[in-house]
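Residue numbers (our numbering), protein chains in the order written: chain V, 630 to 950; chain C, 147 to 495.
Keep in mind that the hints were calculated from the coordinates and are not lab data. All values reported here derive from a predicted model rather than from experimental measurement. Please note that a few of the clues may not be correct.
[Stated by the list, open to error] Straight line, CA to CA, 27 Å or less: simulated DSSO-like cross-link-like pairs of lysine-lysine:
#1 V:Lys-812 <-> C:Lys-485
#2 V:Lys-806 <-> V:Lys-819
#3 V:Lys-670 <-> V:Lys-806
#4 V:Lys-819 <-> C:Lys-485
#5 V:Lys-806 <-> V:Lys-667
#6 V:Lys-670 <-> V:Lys-812
[To be verified] Reference excerpt, derived from the structure (chain C facing chain V, CB under 10 Å, subset only):
#7 His-278
#8 Gly-280
#9 Leu-290
Here a beta-carbon is modelled for each residue, glycine too, at the ideal position from N, C-alpha and C.
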Amino acid sequence: MAITYLDAIREAQSRALEEDENVYIYGQDVAAFGGAFKATKGLSERFPGRVIDAPISEDAIVGSAVGAAIEGMRPIIEMQFADFSSIGFNQIINQSATQFWRTGVPCPITIRLPSGGTEGSGPFHSQSLESIYAHYPGLIVMTPATVEDAYGMLLEAIRIDDPVIFCEHKLLYYHLKADELPKTILPVGKARIARAGRHATVVACSAMVHEALRAARELAEEGWQIEVVDLRSAKPIDTDTILASVARTGRLLAVSESFPWGGLTAEVVSRVSAEGFHLLDAPPQRLNSKDTPIPYHPNLWRAHRPTWQTIAAATRNLIQL
Amino acid sequence: MPHTTPSVASAASVDAEKNRERFVSAFRWMLLARTFEDKIAALYRAGKIVGGVYLGRGQEAFSAALGMQLDQKHGDVFAGLIRDQAGRMAFGEPLLDSARTYLGSAEGPMRGRDGNIHRGRPLRGMPAMISHLGAMISVVNGMLMAKRFRGRTDVVGGATIGDGGTSTGAFHEGLNQAAVERLPLVVAVADNQFAYSTATEHQYACENLVDRAIGYGVRGYRIDGTDLEACLEAFAEAIERARRGEGPQMVVGKLLRLAGHGEHDDARYIPPDLRDKPFGGDCLPLARERLLDEKWLSQDELDELVTTTQESVDEAVARAQSEPDPNPFRESWHALATKHLAEGTLPAD
Ligand SMILES: Cc1ncc(C[n+]2csc(CCOP(=O)(O)OP(=O)(O)O)c2C)c(N)n1
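Please model the complete structure; the sequences and the hints are all you need to start from.
Laid out in structure tokens, this is it:
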């Protein structure tokens, strides 16, 4: 039986609810309806009173999660779309992220953000916000790219004593499948070599890992061995694994679906430049979405975000530098 | 205390005695808060306080009446803001916590990481306010939800806000959330006629903020925030109703901010005649007069109280001043409880 990325997210929540009575789920339409993407389907029946529909109040949703966490609960917050977390931004970055540092009281909350673009979703249902949240001290930002990580990292997120921003990619929800749920996963904070190679390193996370892998397959036919590093978490960044990869390949392309100004790819390039300048045979490169809001029409949307084609082109260019 | 216990106590006289005790006790907290804040203001003027100083002058009765009637040991919550020195202490915040936080002592609850009014002890029912107005309402909601998950529905959360703070989206979301969840929340709205320099006509267009209560589906109370007895009565009822499961309660007290927004602000924009208008009085001398008129305290007892209060304030401040400052070389420069996932830790860590 195939398990999708979305199933994995639901199963992880189900297991967390089962294992720890302090866990509860709070978000819009998450109870009987099972959530906009059905990530909580069936859970309110299995765990009565512990999967709660919230009013359309992202600020209060996150604020209340912080209060509950102070009291020892471990809330899972589902944002209906990552984009709407902007309304809860203040509570996330100022309340939850500062709580432990200011008061010494841990703030174990998990905020699930259905992230990233899909055809026709447009400017307000497509955003990738890992770079924004990773900027703030006090937050952990996870960006799982596989079914196994969607499951294992979400379980880990719920167990961690800090606020975790869990960026789950909507494009992966239904298409990505695995045969079974993992028994163990790589520890959080460690990146994964998704494909080994020796001519260039492509660092990516979330859905971009799959675009990068496809680009690597394409380039393999041209004789180039591309190493793909799946970051797994945007914060912390596993700089050691990236540097080790660049030591093997001498070339770096950092790819992300988020906007081009600053952010995750800039951070990766800056770390490699500062700590691994001597490892580089060519100037490190970045590839992001374009610097406009995310377009609605599929033609425009596909051209706005990095794809396997643009990643392949950027990698070819990198190899020739 | 100069009172005689009647041999056969009638219901009325028991009530009268309770009334007296409650009033005197609230007055003590008001006096302590005023004395402490006067001291902090003096230290501010002397350049001894880092950061802003915001006083609750004129709001002590309203604030103490809520804080004092909540029960910290029972599991109640009190989330005070910048005008709640009195309420915080009446709820159970040690005087030393205040002194240490204002003076940046490394021994204080915030250890120099945050200062002045931004303090708390979340595990003792006192969440530490963030500056963003309105944001603490939902935090209290969450604390109450957590207690309810554990079967505690008889605890009450008090949260305070100013007239300006009621204009935030966070306040609206928080109060609506509490109403939807029927949480035992008591919101104290101190309508002190100004938000920094902004008069209430630019803040809200309803006649009185209590008019909003019905819109949220919560019970509203409208009181004179300078009248200690009225404050005590309203909050006693609100707390009792919340505790009984009647859902959120919103108490709106009208009063006047008797200080600048902060001690940096001379508040020239406040017309002086407002002090002579209704709600413009100072709750502290008003309560003192009442005490003396009712002979609830004698002049000697009052003088004694003033002296001992001043002594305890001076002692706490002196102690906090003698304590070590935070040391940047001893500080662990990361913000996570999960240390191994923290970026940017110092090697010394
Ligand atoms: C969301 C937000 N915006 C602005 C400020 C800056 N600020 C601090 S206190 C204050 C005035 C608050 O007025 P009010 O809520 O009436 O309370 P008062 O100071 O009168 O007690 C302002 C604007 C803030 N703390 N939070």
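Against the structure, the hints come out as follows:
1. V:Lys-812 <-> C:Lys-485: Distance of about 25 Å is within 27 Å: holds.
2. V:Lys-806 <-> V:Lys-819: Distance ~22 Å between Lys-806 of chain V and Lys-819 of chain V Cα, so the pair holds.
3. V:Lys-670 <-> V:Lys-806: Roughly 18 Å between the alpha carbons, so the hint for Lys-670 of chain V and Lys-806 of chain V holds.
4. V:Lys-819 <-> C:Lys-485: holds, 15 Å
5. V:Lys-806 <-> V:Lys-667: At roughly 16 Å apart (the allowed maximum being 27 Å), Lys-667 of chain V and Lys-806 of chain V satisfy the hint.
6. V:Lys-670 <-> V:Lys-812: holds, 23 Å
7. His-278: Holds: closest Cβ of chain V sits about 5 Å from His-278 of chain C, inside 10 Å.
8. Gly-280: holds, 8 Å
9. Leu-290: holds, 8 Å
No hint from the list above goes unmet by this structure.
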